[in-house]
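Going down the list, the protein sequences come from chains A and B. Using my numbering, read the first sequence as starting at 1 and increasing by one per residue. Using my numbering, read the second sequence as starting at 1 and increasing by one per residue.
You may find that some hints are simply not true.
In silico negatives: residues of chain A with every beta carbon more than 12 Å from chain B [claimed, not checked]:
1. Ala51
2. Glu70
3. Ala127
4. Trp128
5. Arg139
6. Asp219
7. His278
8. Asp289
9. Ser305
10. Ala307
11. Leu308
12. Gly318
13. Phe389
Here chain A is said to cover these stretches of chain B; the calculated rule only asks that three of the stretch's residues, wherever they fall, bring their Cβ under 8 Å from a Cβ of chain A [to be verified]:
14. 90-98
15. 160-173
16. 313-327
The hints are simulated quantities; they were obtained by calculation from the structure and are not laboratory data. Just so it is clear, the structure is predicted and the values come from calculations on it, not from any experiment. Glycine residues also receive a C-beta, built at the ideal position from the N, C-alpha and C atoms.
2 protein chains.
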Amino acid sequence: MSPQRRTGLGTNQEAVRRHNLGTVLRHVHSAGAMSRAELTSRMGLNRSTIAGLVGELEQLGISERAEPAEGVRQGAGRPSAGVRVADNGPYVIAVDLGVDRAVVARVGLGGRILQRAQAPVHADGEAWQVGAAVASLVRAVVEDAPARSPLVGMGISVPGLVRRSDGLIRLAPNLEWHDVSFGAIVLAALGLDVPVCLANDADLGALAEHTRGAGVGTDELIYISGNVGVGAGVITGGHRLEGAGGYAGEVGHLRFDPEGRPCHCGNRGCWETEVGAHAIAEAIQCPADRVAQLGEVLDAFDSPSPALRATGTALGHGLASLVNMFNPRTVILGGYLRSLYMLVGPEVNAGLADRALPAPLESVTLTLPGLGADSSLLGAAEIALEPLFVDPVAALGTALDDVSSRLAG
Amino acid sequence: MSPQRRTGLGTNQEAVRRHNLGTVLRHVHSAGAMSRAELTSRMGLNRSTIAGLVGELEQLGISERAEPAEGVRQGAGRPSAGVRVADNGPYVIAVDLGVDRAVVARVGLGGRILQRAQAPVHADGEAWQVGAAVASLVRAVVEDAPARSPLVGMGISVPGLVRRSDGLIRLAPNLEWHDVSFGAIVLAALGLDVPVCLANDADLGALAEHTRGAGVGTDELIYISGNVGVGAGVITGGHRLEGAGGYAGEVGHLRFDPEGRPCHCGNRGCWETEVGAHAIAEAIQCPADRVAQLGEVLDAFDSPSPALRATGTALGHGLASLVNMFNPRTVILGGYLRSLYMLVGPEVNAGLADRALPAPLESVTLTLPGLGADSSLLGAAEIALEPLFVDPVAALGTALDDVSSRLAG
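With the rest of the complex left out, here is chain A:
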């Protein structure tokens, strides 16, 4: 719908109202409980329109009245009551598929994790076995969901390349998956028909950190995911960098050293051969079966070894290429890179400063995820919630209630 179509054409009034309804909800979802005055100011609509929209969201069971004492974000003027997301409102299932474990959560509006469960995944497991394990975790997290809370959809974070058009996993190198329609596999194991979205873990980490983590208020950020392999999610101009097919951000395969080690992609000396989990594990003589838990292994170090310091420098050198290319304001180091940065931050910063151009260097900050280890999980929740912000009435129309008993049957 073009903006022009919204200007007063009667046939579009309903579409405009639903769009505004979704926008109110997006504000409350992103920024938390908010007074009507604040909503009026943010959306540029008049007070009676806002009151009508808020009333409708309450009737739909999506939001509830919030008192000033509950920390309602206020606009100008005296403190007033406002709107917050409902306690038993709609929710989504978020899945963070890792190389060694799957985490599944029931997540409500506002990014609230209501229930979570996790289980090991075997890297040499078949996709259908992993799908069945994820389905079991889903059953576990919806068990205590209130019967009248509707399930809007499911989002799945994948450590690999996901085709945007249909969510096909083109390649998940550390799971050794090629062209796997994992969404359908999980639905088949569940026997449930809900909308499913899949996306790359780093892209989802960037999305969640931008919405409610270390990247709030920054429209130029990169989230680097260390999840055995290394990938990047990029937000530029406030939008996700997706590329033609949804594959953008494969920074692990930036050329780093043409004389370097062979990479699983078939090349030699990709950045991942220096800062990927396998390379770091080798450098610190970590056993192969602990590679997928590299973050925990690194957290146990009191001080960095010379090999880790060298890895920190290599991380900084590669980040310099990204800073020269994207001119980000914030670079967030997630997954095991978070643990690495806590150990060798000075080496990373020095490596970056040594190789980045002065102009983009002067405004960039390296930082840790605001959402800890949950960035990609909460990003998966964000893409599943998205239909609620586009048109809450339509999204609730297709949502499923009483999911627990449906799954039990």
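Based on these hints, arrange chain B on the given structure of chain A.
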């Protein structure tokens, strides 16, 4: 202005009308002469609103009536008259500042180059001397401008890093400029007060190719500028990738070979040390004073030498990093890279195919600029014309007419 503000609030009707006026103009500027039916369909407004907007553009002297025989783009139904940009309508000055020469053009709506002039620039010239040379070229190209055609502004393409907030040239390495306010220098030399915008040459090349060159209809493209140094302009999701300060796209300084040659940026083995003009000139034993004309030098080759073939492979290898990072649909090779690609296209393609990941590789095409050597020049015109598409009434209100006699005075 948020979309919500446009929905029927009386105080915003004038803003909406001007926005629509600019949008009509943008369509005609980008796609060429167009029937009212086609405009009605593209903009989703009703016929009488379109008729009113077209009438106002004619009154403003920006557009003229076009007959079907003039190649008017038609919507459904029988061919009808339409609208095209006026012959003596508003124009801008576009400046393509190169390392060895400056090109200046008077450019009208539709990207029509109405008059052009160029002069050599000495790489060791002071900024004020270059500014004076550019001012002389401006005088030359406005000489024959009709007195009643208004000058809207000036756009300048720069082979370097330009700060978006104020157009300061932070670094133009091959001109050896640091922190030069070149826009003010040119205005001082001209003695004329017009809006001036500066931007990086590759960014402008990408913009122009996206608007009317090899990237029309592609919202994911990279334009690589070979202009002594190497830089990239990236369009993603239909928007320019700018970064926090406007410095994004410095792909010449991607790490390519840590054992490689020293780069002027202070590092070693940047991609530019393999595919920059100085490296190629050395490889083909081209004299140093011809480096800035490397494109012409390469055009004179009948067949590529082994050194050039190796450069082609290095170009492909670096492009693979960009394809992995951005997942573009189209990569346009501009400047001397255009000449290089015509000589060693197979090596470039093979180098790319050898190193890019299969998923992003399958949808990417390497191609030559649709605008030949004028991509950055026409991109400079685009940014200078932009105010006309935001609010034509306001832009014309501050435009200067009879510029030729003002400059003569």
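Outcome of the hint check:
1. Ala51: holds, 15 Å
2. Glu70: Consistent with the label, Glu70/A stays out of reach of chain B, its closest Cβ about 26 Å off (over 12 Å).
3. Ala127: holds, 17 Å
4. Trp128: holds, 23 Å
5. Arg139: Check passes; 33 Å lies beyond 12 Å.
6. Asp219: It is violated; Asp219/A is separated from chain B by about 8 Å at its closest Cβ, not greater than 12 Å.
7. His278: holds, 18 Å
8. Asp289: Holds, because the least Cβ-Cβ distance between Asp289/A and chain B comes to about 27 Å, which exceeds 12 Å.
9. Ser305: holds, 22 Å
10. Ala307: holds, 17 Å
11. Leu308: holds, 19 Å
12. Gly318: violated, 7 Å
13. Phe389: Check passes; 14 Å lies beyond 12 Å.
14. 90-98: Coverage by chain A is violated here, the residue count being 0 at a Cβ distance below 8 Å.
15. 160-173: With 4 residues closer than 8 Å to chain A, the segment 160-173 of chain B meets the three-residue bar; holds.
16. 313-327: holds (count 8)
Hint compliance for this structure: hints 6, 12 and 14 are broken, all remaining hints hold.
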